[in-house]
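Two chains, two frames, a set of hints: combine them into the complex.
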Amino acid sequence: MIHRIHYVPLFALAALTVACGEAEPSGPADAGHATRDVGGSDGGRSDGGLAPAPTCIDAPRHLANELWGPLLVTCRGCHNDFGLAVETGTWELQWDADPNSLATNVAVLKAFGQMQVSESDTRSLLLSMASDSIPGRTHPGGRLIEPGGATYIALERLINEPFETCEGTPAGALFDSVVPLEPWKLLYKAQQVLTGHTPSLQALEAFEGAGSDLGSALDTLMEGEDFLGWVKATYKDLLLTDGPLGVNGNSIVYTAHLRGEEFPNRFYFYNADNGHPAAFSCCRLDSPRGCAPGVRGCCGVDDGSSAAYCAAGDKRIATDLSHEPLELIAHIVGNHLPLTEILTADYTMVNPFTAEVYDAKLYDESLRFTDRMNGDDWKPTRLFSQQNQGASYPAPNRIPLAGVVSSHAFMNRFRTTRTNLNRARARSVYKRFMGIDIGGLLEFTVTADDELPHNPTLDARTCRTCHAAMDPLAGAFRHWDHVGRIHHGAFWDICGVTDGHRNHDDKLCVRRTGYKGELLDETDSSQVNDALNWMMQHIASDRRFALRSVQTLLEGLTGIAGIKPPQDRQAANYDAHVLAYLRQQEDLANWAQQLIATGHRIRPLIKTIIQSPWFNAGQLSAAHPETMTALEFAQIGGHKNLTPERLHTRLIDVTGFPWRVESSVTGKDWLLRGTTFKILYGGIDGESVLTRAREPYPVMAAVARRMGNEMSCLAVAQDFAINDRSSRRLFPHLDHTMEPENDDGPLDEPVFRLNLQYLHYHILGERLAADSPQIDASYALLRSVWRRGVAAAASPLHERCRAVRDYYTGDRLTGGHTIIGNDQRFVLRSWMAVVTYLLSDAEFLLE
Amino acid sequence: MERRQFIHRLAWGSMALGLPLSLRSAQAAGPNDRLLVTFDADGAWDPTFFCDPHGSRPSHTFYSAAQILTNSAGLTYAPKTVSGRNADVYRVADDADFFAKWADEMVVFRGLETLTNAHEVGVRHVWSGFKNGGYPSLGALLGAVRGSEQPMAYLSTGGYDVNGGLVHTTRIGRVQPLMAAARPNRVALAGADERTFHSLDTMAAIQQAQDQRTQRILGQTSLPYAEKILRELQKSRGLEASFTPLLERLRSLPALTNRQRSNPLITQAQVVFAALSVGVTSAANLSLSGFDTHTRHDDSGPLNGHRPRLQELFDAIDYLLDLAKTEPSIYNRLVVVAGSDFGRSRYNSNSVTDRGKDHWPITSLMAFGPLIGGGRVIGATTLDDESAGPVALPLDPQLNVTAANNPQGQALRPAHIHLALRQLLGVHESSLAQRYPLLREVGSTPLPLFG
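Order-wise, the sequence lines are chains A and B.
So the first sequence is residues 1 to 847, counted in my numbering.
So the second sequence is residues 1001 to 1451, counted in my numbering.
Okay, chain B solo, but in the shape it has when bound (with noise of 0.2 Å):
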């Protein structure tokens, strides 16, 4: 498996000094707020491989068209693995099949069209919907609009989690580090022993003062950009007392299994789901990486291939699925999109162990969610074996796969897939999303994806 070379992350603060205060969101999160988690599976992943299916391609797949399994909502999927005439599917929790377990709640998007082959801008088009640049990811959108007093709107493992400036992005790791800097007075990291190094009087005394003395810098100092600095601590250190909730949350969550915990993923989807549950985060971004396997596709080893990564993003995704069920209130405002780069091409190689697969434009995208209308798959592709990858066929504004002379019919784009995101996460209105606006992107009509 090769990875990908790097992940640009712009650093875009600066260039978001222009937006006046009053294109801030001022709106705190509501309880019935809407919730994105993305799980950004970085480095171009390959949806033949798993939710859309090509047998009997073997310049393409390592599986037969009679393999090709189909869950209860319809959806067509490729298995795992095949040994003679026996295939097996990615197993979740509880050894469910993935694409059985959540059929009901599951969208799939094939034959998107990300129209580019080069890393840096197919994940800025599939993940903020604007190919060339300058647009924020759709999660720091949202924790731009719905999160201004939350001390952590937008986390992020990595990917695309541009934020245009909008809102911090808030990197998560591990659960001991967070979980240590949301009690900064308690001396043990774990365990009962709750002493201090400094009484509550003491660390209210030392943060009066920190402020007074703040706000004397901020009476003598004339430098702009010292001034936005200092401001921005004096509010980042207002915003510590929420961090306590979320610690709480976090130490109530049932254990980790090994498995689970050997997957970094989920460990982070861990801090996710309660950062969510006790309002501190309306978005987060969970990457991936491994994807860009331009050689040893096929290879099923820990290190190395595709499968494996997949199998990972499964499980993380399911984890979080799973969570967010036991908590009502969270689940039923949850919106969890997963998605790539772009997708791979043909196998580029003869050698069965060694071969790869490079870029392709035409990916899939799949969402999860009790709000997404689930059970459906939308958009198609065709491949043949002498294909470079699969095509993807143009839609009609009914969602219905078109003739590619139908004057109504249009390639199904990232652009399509954010603005019905942002009416469904309720933001579409937001002047945020009107300073960033995706329709010219899809001419005049958006697709109602999501009902």
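One chain only, chain A, in its complex shape (with noise of 0.2 Å):
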């Protein structure tokens, strides 16, 4: 009995009736959306009245606004430009990436609709489609709309009625009440996010001064190596290259999904001496090579390397390679090359540990690292296969690569089975660098009991929607099995027998390797074995790369995720959320058009979004009821908690010190580890838990509370026991043994209240005047708590709040520093008290 699948388009009725429990509209509420479109008024929109009527109604607001989501999102899962409909020939709906893709999509559609039936059936050939309503001849997307329906009226206006010419674009007017942030505190933001360090007063100072010059400032922030650490954090969370193996993975299993044919120095840092059983060493496991004489073998058993190179290559090894795709993509970025190289590189980075792996020196003379210990030094390099493949590579032995998808840390943290040959990472690439999902191509049903045609993935209805579009790209990957290891000839085709493994669809493949069309020549020996590369060169050149990577960086810069068109008219808001939605991806458009005419040169992008209110909104001009819905689904001016790396980052940059566990240097880093803080505070580790929490919740609140008496316990008396003021980073206006009152009332209030001033700057990012009522609250804080805690006659000072010891080192302080062993005035406890409160602040927490 074979696998059977029905074909049912629930998804198309469940797409129009998720809140509204029926299939298409019809009665009060539809003659009321109907008469909107007449009469202007907004009759039957459920959005609370928040949106106002537009006054200008051009076609393409109308089809964003009446069709795009409750139908053309579902239409587009076929007819788009790179799966079914090119398959088929029909017609294509353009998505999102183009700044005119409104009014494409407004032609496309009016042509198709006003095609006949036939000539003796003159209705819309498009409505009659869509509406399945045509006998002999069956709709593969099923009946969509109903005649004489919300949707249906909508469509046949759009194609048949004029409308109006309108000034500017659908959403082009939804920040105009948007006020800009102040330069210096643009700036000062700007720097938080793209180095983890925030400006000194100083340096604003002189900012300000030379006029402030925010695109020279940010081309100076762009230039350093904390700019490519958010490049690579950004890139970390779409590519999840932190689970499963990767970082404090299992090495010897990560290493082994290396080929040993390929690498056989893939072992080199296992050996006895390094803790692994015999039975692990490289002498086993590649045995008998790596043992003979005179041979290459195990680090330092055989040839003599340092046991502490040996020790730490065997340590690091996972993470290594796990980091080699953000590695390359820092290349990229930090050589000004073009972003389209992170999928077209024909080479990848090693670091003089990961190089000994792969034997790359082997080739590469030019590959020298000064300091083999140096695992930061990474260095760009061509790898090659040991094992003699003829001309079976495009030049000698040379593994054919395709920047980030080829590295071991893709391939491996997106795997595939004999089964699914690659249609998973196809899918990936997809998802990743085209912003499409195919899972939401289509809704279908699979029922035990159903017919399934000889070849499914090719002639079902439903499974060729999805399969159109993954299959071609699927078929690039065919040189990599299902850990990444790269095998000579076609390893897992999925138009072939290959290497005696049997393939589900052993049928004569008709779905060849390919892009929109454009196929590889499989009589091409060098196109083929390059199969990968030449796959992305086609993808990094599609408008959707650009489209994708401007939308990546928008997440990385500000936390705010693409937003999905609404798909029901009736779903409260609805309005509010189209609006959203339109401005977003009119933006979004304009800035790939930008990156395209960079040529992929992402810097002068990041200055525009930088400066475009996503990132750069302070306040709202006036209160507009009708925007601010629509504001909020947009979530401009951030706000989002700062992730768990960031704020690691954050706490070092503030106070010199970072957050571990129980205060101490050989602590775990608290905010780092998924066995710690890392999860509890919304972070991901890249296997089960892959979306971040930005948003406040209790566990995070307490969290962060922990945080602020942790650090505070540490950083205060370590800041005070420098006895240089101007060398400390919390109090460089006064000491500890300055108190901030006596019975006659405040001592040296001046002064408190510059260092206070100082701390809201330095922590917070606020300039507030001297007797602001920030500060006040902070002194008043300072002097309540003082005043208590003499009093109280306090206990001592716990022992992990004084400064005894250099944090570091662990030696005990001398020149230079005064050791605070007690606080029995209580002035640290006071300080303290505030660092605690302005650490654990919303301004600290959220960006």
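By construction, these hints were calculated from the structure, which means they are not laboratory data.
The reader is advised that the hints may include incorrect statements.
[Said to hold, decoys possible] Straight-line Cα separation of at most 27 Å, DSS-like style, residue types lysine-lysine; simulated pairs:
1) Lys1228/B <-> Lys189/A
2) Lys189/A <-> Lys1235/B
3) Lys185/A <-> Lys607/A
4) Lys232/A <-> Lys668/A
[Claimed, not checked] Some chain A residues near chain B, calculated using beta-carbon distances under 10 Å:
5) Val178
6) Met628
7) Ser712
8) Leu754
9) Ser840
[As the list claims (entries may be wrong)] Chain B is nowhere near these chain A residues, computed Cβ spacing over 10 Å in every case:
10) Pro99
11) Glu167
12) Glu223
13) Glu225
14) Pro338
15) Lys379
16) Thr598
17) Ser612
18) Glu687
19) Ile722
Ideal Cβ positions, reconstructed from N, Cα and C, are used throughout, including at glycine.
See below:
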């Protein structure tokens, strides 16, 4: 018995009936909706009256408001330019990547809509197909609209009726009331995001003195290593390199996923001296080669490498391999290369450890590391197989790389199986680099008792929708197996039986490797052997790559994810949601054009995004209730939780110390490990927790509270212990011996306020007057805590909060420092209270 | 064993912006409110290897029909291993046979049609009752209805825990960091040293100053999203004190054995139980991955294979139920559900060591606890050796297996289960449940699955 699938277009109805529980709305709500188009009144919209009835409706606006989410998002699952429509030659909708996509789609729909069913049936072909109402002819997508229903009428109107011409774009005015941040504040925010550091007051004053040239300031920021750290962090969330094998993963398993014939040195670092059981030492794993006399074998065992080098390599190799794609991206951005190279690079990055695993130095004489213990020294190189395949590879023995997607990390994070045949990887490429969710193209049901054609991925109506998109791309991964081992020849080729492995699609293959109809030339061995790179060249040159890239960068800068178009016209705040979606799409499309125009260099684009309201939003100039909801959907202004990683960096920047378990220099970093606070604080592990939690919740607040307490305890005394005030991070204006008041009232008030002003800037980025309410409040807190502490004859200062030893070296504090072993006058603990107050404040915790 | 590629967890926060406050739950959790813990076998489990056995089917299973076991409630179940004529079972605490131990407090649903072979679709169908997306998980729904004042109304370790913006999903992992977070002012993470960073008075002064500052900022903020976030932070801070009893309860639990400690699901179950016990949680989702065994399905090694994962799952369910039984006020309100994305097909290869199983839309689901009317099997499947996978048999309104041509017969679907669970949990008439209707998914006839 064969597995059978029955197509039931449930999704089409469901997409229209999520909230209303019936098929296309009709009756009063529908009538109200119809009159809205004619009379301009908002009779039928259920958004609480927050969105005004637009005064001008042109065809693109009509399409965007009435048809895009409720219908066309569904249609484009098949009617797109990369999948089924290409295969069948039917009409295609444009996916959001172009600023003119709305107008283009209007034109497409009008043209197709004005075609007749036949000479005798003058009904609109488009309307008839979408309502599946042509006798003897079935719409493969099923019945999407009901004649006379709201969506039918809206589509009919688009096809047949004239529209007025409107100024501007549908959502162009959404941000008109947004007041940008002051230039210094924008620089502060941008520097914090891009580098993890904030500008000093002096730097800000210099910036303002030079005319607040933000462009130049950002250019400078984007030339540093810290900026590349942000780039890597942004793409790490996209590529999920931390899981499941990377970073503290099982190194032996990870390197075992390199093929020994290609990389015989893969187990180089595993020897018994490093604690590996003899069975897992490199000599055993690749026996007898590793142990043969005169041949390079185990690190330290046969070749005399230093024990420190061997131990370091053993410990870090999984992490280094998992970071390889991120280092490639950093190299590309750092050298001002086009971003497209993240997919098309025929080289990769190695450090002194991974170079050994790949035996890269055998083939690249330029690959010289001045310090082989420096794992941060990454260099570009091509990889070569040691298995002599002759002319089988483009250049003798060269591994045919294609940017990050050919990396070991990518192949292991996004695996495949012998029945999946790299479709999952294809899907990942679509999602991560094209912004297309293959799984979201179509909803369909699978039941056990339905009929399937002989070749379901090709001929079954529902299967082919996704497979038409996936399979041609999947074929490009043909050289790599389920764990990313590269093989001579096509290993799992969707279209063939190779290496003795039986494929499920063991029929005559008619879906060849290709992209948007352009096929890989299977007779050209150089093209075939470099199939993945060939494919990535096409992907990278697609406008959607640029669109997805700008979306990635927007999310990296602001935490704002892509807004999905609402599909239920009856949903509350539908109009506002549409408006936010449209505005984001407009900006993304324009930015994608900018990215392409600059040769895919990202720095100009980053400057544009930073200066856009998505990043640069201070206040609203006036209360606009009708757009408030849309602005909330858009989430401008940010105010997202700092990620655990950014908070970790921020703490070091502000206090000079990392936040570690028991404030110990050898303790685990609280915010960087899944076994501590990383997941609790909304982080991801790249394996099963893939979406960051960026909005506050109780456990996160509790973690932040603990952080404020621990860091104030550590940092306050250590900072005061530095004799030279100008070297301090927290207290450059006073000492711990200065009490805030006596029986007669405040002491040295101007100095205390000055330091509080400094702390408010240094920790929260606020430039406040000495008599501002915020400074008043901090000062009041300090004094009240001090007063209470002195009166209560408090217990001795906890030893963790003293400054007796240097945090980093453990040496007793000496010259240039004053040991602070007690706090009898409660001054330290008063400042600890203030620092706790500031470190757990919203302005510190939120971006 | 092949891992599943990834789990989608949609960020629905922005989509839920439109939810008026009137539709949010205004209910606080009450002492009689029912509680839910779901165990998600992530990746699609194979029911023929435990609760829906089909023996003497070498294309599908490794055991004979004679080796199928039966518990005191009449449930047939598969052996864990067979060796010659001997068969062994899934043994849990005290070496007990899992299916024998919980015979009277277990309901097994067989022949559950998920209508998909895609992981993301399967998990949302099974855990929300609605295939096409946009619905929160049942646990999130319960947490939203019951837990407006609970700091961790809905806990999750992963899997399908979409909350629809209705309730925060608190992700839990290990016990130690949670304990550290729950006592933010205590210097020592463990031990008897109770010294604090700040005095209680100082902490109160800090918190008061923070509240006042947040109010000042709110008064100056006009960006709606920023205002929303500040209010969330303010509210979150207000719930911090709720963690103290959680901590105390965690510390009071019996120490874990080494075997238990090596099972992450059990350490997570500890946290879940403690949270239920002190009332900071109404629902929890525990997820265990590793079931997507397209290769090495039968492998019994610790890193691969289907059965070691099933063993871990049963160990954790057993642990939670045993622990809950020590506190009748919790146990008597507890509903535990174990399920998965869908099922698995016949073997996909002739290699006995390497063979795997692919996806199959028919699966099983299990419910546990004193409220479910245990000791029953609902639904059935048929399987012959040529089948691609088990075929579900329709049920009549009295839950009897019926003929395919019976007009009253219907396939058992996740929506049936969810409608019954919503009723069992007492949330079926809530405004949130009305917002996410399921009745139309099953025609107009819910099934009396839990009496």
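Hints versus structure:
{"no.": "1", "hint": "Lys1228/B <-> Lys189/A", "verdict": "holds, 20 Å"}
{"no.": "2", "hint": "Lys189/A <-> Lys1235/B", "verdict": "holds, 26 Å"}
{"no.": "3", "hint": "Lys185/A <-> Lys607/A", "verdict": "holds, 15 Å"}
{"no.": "4", "hint": "Lys232/A <-> Lys668/A", "verdict": "holds, 22 Å"}
{"no.": "5", "hint": "Val178", "verdict": "holds, 8 Å"}
{"no.": "6", "hint": "Met628", "verdict": "holds, 5 Å"}
{"no.": "7", "hint": "Ser712", "verdict": "holds, 7 Å"}
{"no.": "8", "hint": "Leu754", "verdict": "violated, 20 Å"}
{"no.": "9", "hint": "Ser840", "verdict": "holds, 7 Å"}
{"no.": "10", "hint": "Pro99", "verdict": "holds, 23 Å"}
{"no.": "11", "hint": "Glu167", "verdict": "holds, 26 Å"}
{"no.": "12", "hint": "Glu223", "verdict": "holds, 31 Å"}
{"no.": "13", "hint": "Glu225", "verdict": "holds, 30 Å"}
{"no.": "14", "hint": "Pro338", "verdict": "holds, 28 Å"}
{"no.": "15", "hint": "Lys379", "verdict": "holds, 31 Å"}
{"no.": "16", "hint": "Thr598", "verdict": "holds, 30 Å"}
{"no.": "17", "hint": "Ser612", "verdict": "holds, 15 Å"}
{"no.": "18", "hint": "Glu687", "verdict": "violated, 8 Å"}
{"no.": "19", "hint": "Ile722", "verdict": "holds, 22 Å"}
Hint check: violations occur at hints 8, 18; the rest are consistent with the structure.
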